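Chemist: Below, each chain spelled out in residue letters.
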Amino acid sequence: MKLFVTIALIGILTAGSGFAHDFTQGSIYLDHPMIEEAPPNAPVLGGYLSIQNMGDTDDRLVAIESSAAEKVEIHRSTVTDGIARMQPMKEGLVIPAGETVWLDNGMHAMFVQPVERYRAGDEVPATLVFEKAGRIDVTFKVEERSTGSGAAHEGHGQ
Amino acid sequence: MTGLRRLRGILWLLVAIAAAGAAFLAFGPRFAPANAGEAIYAKPFSLVNQDGAPFTQADFLGRPSAFFYGFSHCPDVCPTALAEMSAILEALGPDADKLQVVFVSVDPERDTPEIMKDYVEYFDPRIAGLTGELDEVTKMTRDRYIFFEKVPTEDGDYQMEHQASIQLVTADGRFFGTLAAEEGFEVRLAKVRRLIAEG
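Heads up: the sequence lines are chains H and F, in that order.
Following the numbering used here, the numbering of the first sequence begins with 37 at its first residue and continues without gaps.
Following the numbering used here, the numbering of the second sequence begins with 1174 at its first residue and continues without gaps.
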């Protein structure tokens, strides 16, 4: 029954949100999942979004699943002393109560071996799995890569 | 009274130190400008470009160049750096001919010339995408003080750690400076314009 209510609620919320491109379930609010378009044969794609925990207990993003790739890993990328490094976040990603965590510069969802070429405008389905909020189906929108030159890539919050 | 006299003495001492410092700066040894170093980019190497053709130091020396070291299994830093270089080439307009942009794979075991071709030409066909024998990539990068390291991951796969900044190089192969992702686009463009003007 509770699940049914949740599903109904998602339906109402997503229907109401229109173009806002966000997803809510339980205490978790997911905004603007997007993937940056990559070269045709790129073996990996970077996915980004913001995750807000509106509840009063911490939650944890434990996995991301997608039929669009062989696997999806949650990574932290760092540039320290001029060296770029990437580490899988094996313990998942804690979303503290009342806070927003951005998978943006620094953290990303890495889609490994995408099953096909995705271009700007395409939509990539995925499921974010949270310890408490459960599984949340989202759509990552493929967008042009930002170059900082002022063109393209608007609305991707930082 | 002695306290005041001592204070005055200390102040004069400080004036003397400041004067000595100013004199040293004005007349002392000149520090070499950053681009007066050794022509590390002129050191020989032999790799292949995205068409499978040999590519050596002779293929870019003679005009300024910008080198980036990365790999295709890299979701953020590398494609972003290449996208930024392609935006710079676009912003340069006709002056883009005066700059050679080179992407060197530090993961030549996976990055074949075919992969490099699709990869670099997606960003800009004017970018040279180099790969080759691992030993040769290692030598080429060590000669240029570029760090990269293969780091195994738990699932039996691996990641590459690598130099993140773009290296600007003068026409005669000397290090000129870097472009970093944190810098704004206009800053990077200004640096490249200065390289083209001076380098």
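Simulated from the structure, these hints should not be mistaken for lab results.
Quantities reported herein were computed from a predicted structural model and do not represent experimental measurements.
Among these hints, one or two may not hold up.
Quick list of the computed label-pair ranges, beta carbon to beta carbon [claimed, not checked]: (1) G128/H <-> R1299/F: 39 to 45 Å; (2) E135/H <-> E1371/F: 22 to 28 Å; (3) M125/H <-> E1322/F: 19 to 25 Å; (4) Y1331/F <-> V98/H: 38 to 44 Å; (5) E1309/F <-> G118/H: 20 to 26 Å; (6) N77/H <-> G1329/F: 21 to 27 Å; (7) N77/H <-> A1215/F: 29 to 35 Å; (8) S103/H <-> K1271/F: 22 to 28 Å; (9) G128/H <-> E1309/F: 38 to 44 Å; (10) M90/H <-> A1215/F: 56 to 62 Å; (11) E159/H <-> P1267/F: 37 to 43 Å; (12) A1215/F <-> E135/H: 27 to 33 Å.
In silico DSS-like pairs for lysine-lysine, Cα to Cα no more than 27 Å straight-line [unchecked claim]: (13) K1312/F <-> K107/H; (14) K1290/F <-> K1323/F; (15) K126/H <-> K1216/F; (16) K1290/F <-> K1271/F; (17) K126/H <-> K168/H; (18) K107/H <-> K168/H; (19) K1216/F <-> K1312/F; (20) K107/H <-> K1216/F; (21) K177/H <-> K126/H.
Backbone N, C-alpha and C define an ideal beta-carbon position, used for all residues, glycine too.
Chemist: Evaluate each hint against the coordinates.
Modeler: We went through each hint and held it up to the structure:
no.: 1; hint: G128/H <-> R1299/F: 39 to 45 Å; in the structure: 42 Å, holds
no.: 2; hint: E135/H <-> E1371/F: 22 to 28 Å; in the structure: 48 Å, violated
no.: 3; hint: M125/H <-> E1322/F: 19 to 25 Å; in the structure: 20 Å, holds
no.: 4; hint: Y1331/F <-> V98/H: 38 to 44 Å; in the structure: 24 Å, violated
no.: 5; hint: E1309/F <-> G118/H: 20 to 26 Å; in the structure: 23 Å, holds
no.: 6; hint: N77/H <-> G1329/F: 21 to 27 Å; in the structure: 22 Å, holds
no.: 7; hint: N77/H <-> A1215/F: 29 to 35 Å; in the structure: 33 Å, holds
no.: 8; hint: S103/H <-> K1271/F: 22 to 28 Å; in the structure: 47 Å, violated
no.: 9; hint: G128/H <-> E1309/F: 38 to 44 Å; in the structure: 40 Å, holds
no.: 10; hint: M90/H <-> A1215/F: 56 to 62 Å; in the structure: 59 Å, holds
no.: 11; hint: E159/H <-> P1267/F: 37 to 43 Å; in the structure: 39 Å, holds
no.: 12; hint: A1215/F <-> E135/H: 27 to 33 Å; in the structure: 52 Å, violated
no.: 13; hint: K1312/F <-> K107/H; in the structure: 34 Å, violated
no.: 14; hint: K1290/F <-> K1323/F; in the structure: 23 Å, holds
no.: 15; hint: K126/H <-> K1216/F; in the structure: 42 Å, violated
no.: 16; hint: K1290/F <-> K1271/F; in the structure: 22 Å, holds
no.: 17; hint: K126/H <-> K168/H; in the structure: 17 Å, holds
no.: 18; hint: K107/H <-> K168/H; in the structure: 22 Å, holds
no.: 19; hint: K1216/F <-> K1312/F; in the structure: 10 Å, holds
no.: 20; hint: K107/H <-> K1216/F; in the structure: 41 Å, violated
no.: 21; hint: K177/H <-> K126/H; in the structure: 25 Å, holds
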